[in-house]
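*Asks:* Just so we're aligned, residue 1 is where the sequence shown starts under our numbering, counting upward by one.
Heads up, some of the hints might be wrong.
Said to hold, decoys possible - Mimicking BS3-like on lysine-lysine, the simulated pairs with C-alpha atoms at most 27 Å apart in a straight line are:
hint, residue 1, residue 2
1, 27, 45
2, 117, 93
3, 28, 46
4, 93, 106
5, 45, 29
6, 56, 45
7, 29, 46
8, 84, 117
9, 27, 46
10, 106, 117
11, 84, 106
12, 28, 45
13, 86, 106
14, 86, 117
15, 46, 56
Said to hold, decoys possible - For each label pair, taking beta carbons as the anchor points, the in silico distance ranges come out as:
hint, residue 1, residue 2, range
16, 108, 61, 27 to 35 Å
17, 19, 40, 25 to 33 Å
18, 24, 70, 53 to 61 Å
19, 48, 28, 25 to 33 Å
20, 96, 60, 26 to 34 Å
21, 62, 127, 29 to 37 Å
22, 81, 127, 18 to 26 Å
I should point out that these hints are in silico values taken from the structure, not numbers from a laboratory. Ideal Cβ placement from N, Cα and C applies to all residues, glycine included.
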Amino acid sequence: KKPAAKVGSGYEEQIARIRAATQEREKKKAEAERTDGGYDDETYKKSRQLAAAGQKPFNLASQRREEERQSRVPALFLDINMGKRKGRLGITKGDSPRELAEQFAKVYSLDEVAVAKLVNLIIATAQAHQIPLSR
Numbered sequence: 001k002k003p004a005a006k007v008g009s010g011y012e013e014q015i016a017r018i019r020a021a022t023q024e025r026e027k028k029k030a031e032a033e034r035t036d037g038g039y040d041d042e043t044y045k046k047s048r049q050l051a052a053a054g055q056k057p058f059n060l061a062s063q064r065r066e067e068e069r070q071s072r073v074p075a076l077f078l079d080i081n082m083g084k085r086k087g088r089l090g091i092t093k094g095d096s097p098r099e100l101a102e103q104f105a106k107v108y109s110l111d112e113v114a115v116a117k118l119v120n121l122i123i124a125t126a127q128a129h130q131i132p133l134s135r
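Modelling step: build the complete structure from the supplied sequences, incorporating the hints.
*Replies:* Next up, the structure:
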């Protein structure tokens, strides 16, 4: 007859830990089945209270974003010829000529003299097409 295997230290604690975890898992599983996906009397009452308090329905931002996009559609495109390169600048109502020129200058690496000329060109073009700009 073989001698019984020697049980290492901490064996009983490990078994107790595993049994406790199994019981906890089964308890959570039974609770989830009992509440039918989390919508029980308590959550129903809470939803009714919120509805009575005038809770607003969920509103997707898509309509607001579409309105913002429409308001930012350029009223005019200005094609700018810089020798061998060409650029296109969209002018929208309420744009700042200085900011537009500076942003364009960053993209095309233009100097301050070119920015000043571009500001004057933007202002003249916007006035000619009756596009109101900010100062």
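*Asks:* Determine for every hint whether it applies to the structure shown.
*Replies:* Checked hints:
no.: 1; hint: 27 to 45; in the structure: holds, 25 Å
no.: 2; hint: 117 to 93; in the structure: holds, 20 Å
no.: 3; hint: 28 to 46; in the structure: holds, 23 Å
no.: 4; hint: 93 to 106; in the structure: holds, 22 Å
no.: 5; hint: 45 to 29; in the structure: holds, 24 Å
no.: 6; hint: 56 to 45; in the structure: holds, 17 Å
no.: 7; hint: 29 to 46; in the structure: holds, 24 Å
no.: 8; hint: 84 to 117; in the structure: holds, 18 Å
no.: 9; hint: 27 to 46; in the structure: holds, 25 Å
no.: 10; hint: 106 to 117; in the structure: holds, 15 Å
no.: 11; hint: 84 to 106; in the structure: holds, 17 Å
no.: 12; hint: 28 to 45; in the structure: holds, 23 Å
no.: 13; hint: 86 to 106; in the structure: holds, 14 Å
no.: 14; hint: 86 to 117; in the structure: holds, 16 Å
no.: 15; hint: 46 to 56; in the structure: holds, 15 Å
no.: 16; hint: 108 to 61: 27 to 35 Å; in the structure: holds, 34 Å
no.: 17; hint: 19 to 40: 25 to 33 Å; in the structure: holds, 29 Å
no.: 18; hint: 24 to 70: 53 to 61 Å; in the structure: holds, 55 Å
no.: 19; hint: 48 to 28: 25 to 33 Å; in the structure: holds, 27 Å
no.: 20; hint: 96 to 60: 26 to 34 Å; in the structure: holds, 31 Å
no.: 21; hint: 62 to 127: 29 to 37 Å; in the structure: holds, 36 Å
no.: 22; hint: 81 to 127: 18 to 26 Å; in the structure: holds, 21 Å
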